[in-house]
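Chemist: Each chain is listed here by its residues.
Number of protein chains: 2
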Amino acid sequence: MPLLVMKFGGTSVATLDRIRRAAKRVGREVANGYDVIVIVSAMAGKTNELVGWVEETSPLFDAREYDAVVSSGENVTAGLMALTLQEMDVPARSWQGWQVPLKTTSAHASARIEEIPTDNLNAKFAEGMKVAVVAGFQGISPEGRITTLGRGGSDTTAVAFAAAFGAERCDIYTDVDGVYTTDPRITSKARKLDKIAFEEMLELASLGAKVLQTRSVELAMRYRVPLRVVSSFEEYDPNAGTIVCDEEEIMESNVVSGVAHSRDEAKVTLLSVADRPGVAAAIFGALSEAGVNVDMIIQNISEEGRTDMTFSCPTNQVARADRCVQEAREKKLINFHGLEVDSDVCKVSVVGIGMRSHTGVAAQMFEALSAEGINIKVITTSEIKISVLIDRKYLELAVQALHDAFGLEKSG
Amino acid sequence: MPLLVMKFGGTSVATLDRIRRAAKRVGREVANGYDVIVIVSAMAGKTNELVGWVEETSPLFDAREYDAVVSSGENVTAGLMALTLQEMDVPARSWQGWQVPLKTTSAHASARIEEIPTDNLNAKFAEGMKVAVVAGFQGISPEGRITTLGRGGSDTTAVAFAAAFGAERCDIYTDVDGVYTTDPRITSKARKLDKIAFEEMLELASLGAKVLQTRSVELAMRYRVPLRVVSSFEEYDPNAGTIVCDEEEIMESNVVSGVAHSRDEAKVTLLSVADRPGVAAAIFGALSEAGVNVDMIIQNISEEGRTDMTFSCPTNQVARADRCVQEAREKKLINFHGLEVDSDVCKVSVVGIGMRSHTGVAAQMFEALSAEGINIKVITTSEIKISVLIDRKYLELAVQALHDAFGLEKSG
Chain A
1 MPLLVMKFGG TSVATLDRIR RAAKRVGREV ANGYDVIVIV SAMAGKTNEL VGWVEETSPL
61 FDAREYDAVV SSGENVTAGL MALTLQEMDV PARSWQGWQV PLKTTSAHAS ARIEEIPTDN
121 LNAKFAEGMK VAVVAGFQGI SPEGRITTLG RGGSDTTAVA FAAAFGAERC DIYTDVDGVY
181 TTDPRITSKA RKLDKIAFEE MLELASLGAK VLQTRSVELA MRYRVPLRVV SSFEEYDPNA
241 GTIVCDEEEI MESNVVSGVA HSRDEAKVTL LSVADRPGVA AAIFGALSEA GVNVDMIIQN
301 ISEEGRTDMT FSCPTNQVAR ADRCVQEARE KKLINFHGLE VDSDVCKVSV VGIGMRSHTG
361 VAAQMFEALS AEGINIKVIT TSEIKISVLI DRKYLELAVQ ALHDAFGLEK SG
Chain B
1 MPLLVMKFGG TSVATLDRIR RAAKRVGREV ANGYDVIVIV SAMAGKTNEL VGWVEETSPL
61 FDAREYDAVV SSGENVTAGL MALTLQEMDV PARSWQGWQV PLKTTSAHAS ARIEEIPTDN
121 LNAKFAEGMK VAVVAGFQGI SPEGRITTLG RGGSDTTAVA FAAAFGAERC DIYTDVDGVY
181 TTDPRITSKA RKLDKIAFEE MLELASLGAK VLQTRSVELA MRYRVPLRVV SSFEEYDPNA
241 GTIVCDEEEI MESNVVSGVA HSRDEAKVTL LSVADRPGVA AAIFGALSEA GVNVDMIIQN
301 ISEEGRTDMT FSCPTNQVAR ADRCVQEARE KKLINFHGLE VDSDVCKVSV VGIGMRSHTG
361 VAAQMFEALS AEGINIKVIT TSEIKISVLI DRKYLELAVQ ALHDAFGLEK SG
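First to last, the sequence lines map onto chains A and B.
1 is the number of the first residue of the first sequence in full-length UniProt numbering; add one for each residue after it.
1 is the number of the first residue of the second sequence in full-length UniProt numbering; add one for each residue after it.
Incorrect hints may have been included.
[Said to hold, decoys possible] Using 27 Å as the maximum straight-line C-alpha spacing, the simulated DSS-like pairs for lysine-lysine come out as follows:
1. A/K46 - B/K331
2. A/K124 - B/K103
3. A/K103 - B/K103
4. B/K46 - B/K103
5. B/K189 - B/K393
6. A/K124 - A/K24
7. A/K192 - A/K393
8. A/K103 - B/K124
Simulated from the structure, these hints should not be mistaken for laboratory data.
Every value quoted in this text rests on a predicted model; they were computed, and no experiment measured them.
Whenever a hint applies, use it, and build me the whole structure from the sequences.
Modeler: See the structure below:
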């Protein structure tokens with residue numbers, strides 16, 4: 001029997017009505033001939049409530065108890081979803097993480113999945129169960145304690161189940177109807193993509209397109225599990241949403257697939273850093289230990305043994321970064337003449353696997369920005385992405401200009 | 001190390017503040033030299049919310065899914081209680097039913113405890129853990145699914161743990177400060193009892209003194225676990241509350257320990273029933289199948305092969321009882337000439353193990369009622385209890401008169 005994994009996020013199961021609506025989608029796939037593993041999140045708001053209680057009780061909480069508490073939200077949804085399916089005469093039962101068992105590491109609150117034995121669920125499928133409803137986001141440690149996978153862990157749970165059970169596809173039901181060429185709030189020309197490659201999705205996800213958790217996309221790419229991002233709130237349509245898949249399965253595509261943005265960036269430059277081996281390691285090692293999420297790093301050529309070192313980080317981490325490099329200077333770990341901070345920048349990126357075989361994308365991007373009089377402050381590139389830092393006030397203008405320049409309103 | 005079991009009901013853990021207050025009590029017993037097993041209920045209102053969701057989702061719900069859903073409330077409290085204790089530097093951890101494991105039958109939603117292996121918890125106590133916080137009301141079936149013990153199951157969980165671990169005592173923390181000679185809302189002369197025998201508590205509990213669940217008292221009696229009922233909301237006092245214990249441990253006591261009442265009773269009489277062998281079985285078998293909770297049963301002597309058969313049941317079950325006996329008559333299972341219903345009665349009882357060795361209690365009771373002009377409609381007696389049905393309007397008067405007549409405001 002072909003098998004599907006269907007994952008419903010918190011807003012898709014926020015009320016009993018929405019659970020019923022989600023269950024209808026599941027019922028339809030069962031009618032289509034699938035066995036289904038449903039992964040559910042907690043009802044919207046529940047996990048935040050539980051986390052709040054834990055933090056109020058114990059600011060430096062024992063992560064094992066945190067996991068025992070916050071995992072309960074998913075258990076409630078799993079049972080209610082199984083009951084709803086039973087009411088629709090679909091043979092279903094719920095499974096908590098430890099019942100599967102979904103085996104994880106002992107890294108409480110951010111555990112990694114180690115193994116998902118398939119025998120328990122498969123035995124029930126063989127007995128006629130059509131739907132296994134599994135509480136997402138949770139597992140069991142080697143010590144027999146409940147673990148959670150960290151925020152967004154239900155997406156990862158879904159992909160891991162799809163990989164373990166050889167599912168035909170993993171459908172991620174959420175509150176958006178797919179992946180767009182860019183943020184539709186910025187330009188109405190934004191177009192929903194029918195397909196996008198794993199690599200592109202990874203770049204878009206880490207750039208702030210909060211549709212899928214990065215880890216779940218990595219996992220899907222490694223195990224070649226096709227993902228479908230689809231809205232819970234639209235009428236059923238088997239072709240709805242966006243398929244995230246291997247690039248070989250995407251026949252034709254634009255050179256550029258999407259324009260991503262990240263609003264709250266800051267640019268920090270250490271002026272006149274002594275340019276000797278190990279200096280970059282010293283700076284970024286210290287920043288990493290201080291918990292600063294460094295994104296772009298740019299080092300220009302040096303003159304007379306000194307260079308300028310620039311990096312970007314979220315605006316609200318600038319103070320921390322400042323303190324960190326000043327302390328490193330006092331400890332004589334690094335040496336620089338001055339610090340320049342620009343907190344009013346944003347990042348805009350174009351992403352596309354087509355770039356690998358097409359030249360001139362960067363030039364086209366810079367021209368489009370230049371035509372709008374937008375000054376580029378920093379540039380970085382990867383194989384399938386070009387990112388620039390620009391003044392924050394130009395964010396919308398830049399996204400619109402690039403979306404037009406690469407013709408993204410038309411499908412490839 | 002001596003061991004205590006402490007159970008906190010829903011109102012005692014209703015908020016983070018109350019959990020903190022409860023944890024302080026636990027901390028004090030640890031300071032007194034005890035290892036402690038804490039049994040917690042769900043935060044007040046949580047179980048009702050979960051039950052509401054299940055019933056709305058599926059009126060004839062699968063009890064296995066019901067259990068998976070409603071058990072989650074206790075898991076939350078257990079984790080929060082463990083965190084609170086850790087904040088107070090008391091080594092503690094939480095245990096869910098399946099982790100202990102508390103093994104039960106497969107009778108979902110009303111499972112019975114089969115076994116509580118002590119090795120897992122004892123291994124942790126040996127490692128230095130001082131408090132095991134256990135989610136009450138839940139266990140695991142032989143099939144590995146979550147079970148619940150039914151309403152009030154946390155009391156039963158507490159007593160079962162006390163029995164399994166040979167606890168010195170089982171303290172039931174609740175929102176009343178003990179067991180009273182009668183309902184303090186009816187007479188201000190009601191006096192808190194320092195001690196009461198298991199048998200008396202059973203009669204009082206089943207008569208509507210809703211302090212302890214009947215099953216938990218039965219279990220405590222069987223395993224001779226001393227219970228202490230004590231308020232969470234009063235200042236700490238090692239002698240507070242009421243001890244429920246073996247009658248041998250109660251040195252002196254009044255002949256009568258308490259006056260109980262049950263307000264909403266109805267008296268139903270089948271007139272002129274053919275008096276032949278098997279007729280009582282036919283009537284009460286049918287009533288039982290129909291779900292009527294028959295309490296008192298009275299059959300008078302028969303005349304000319306016919307007799308009157310009277311029973312009492314809750315007022316809101318009269319219609320069901322009526323329908324049931326009429327149907328049984330139509331099917332010719334029983335035969336009677338008429339049905340008399342009196343829905344305006346209540347039950348008043350005096351309870352005391354002293355009755356066993358004292359005669360004249362019944363006479364004294366009837367005299368006291370007679371002196372107030374209260375007519376007795378039905379009488380039943382057991383070894384340690386005398387119950388009467390009287391007109392409902394006399395309930396308060398009767399309770400006050402009996403409380404005075406047996407001198408209950410003074411300790412024995």
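Chemist: Would the pair A/K103 and B/K124 pass a check requiring their Cα atoms to be no farther apart than 27 Å?
Modeler: Holds - the C-alpha atoms of B/K124 and A/K103 are around 23 Å apart, at most 27 Å.
Chemist: Keeping to a limit of 27 Å between CA atoms, is the pair of A/K124 and B/K103 held or broken?
Modeler: holds (22 Å)
Chemist: Under the criterion that the straight-line Cα-Cα distance not exceed 27 Å, is the pair A/K46, B/K331 satisfied?
Modeler: violated (54 Å)
Chemist: Given the hint that B/K46 pairs with B/K103, does the C-alpha gap stay at or below 27 Å?
Modeler: holds (24 Å)
Chemist: Check whether the Cα positions of B/K189 and B/K393 lie no farther apart than 27 Å.
Modeler: holds (20 Å)
Chemist: Given the hinted pair A/K103 and B/K103, is their alpha-carbon gap at most 27 Å?
Modeler: holds (23 Å)
Chemist: Given the hint that A/K192 pairs with A/K393, does the C-alpha gap stay at or below 27 Å?
Modeler: It holds: about 26 Å lies between the C-alpha atoms, which stays within 27 Å.
Chemist: Given the hint that A/K124 pairs with A/K24, test it: the Cα-Cα distance must not exceed 27 Å.
Modeler: The hint holds at about 21 Å.
Against the hints set out earlier in the document, a violation occurs for number 1 only.
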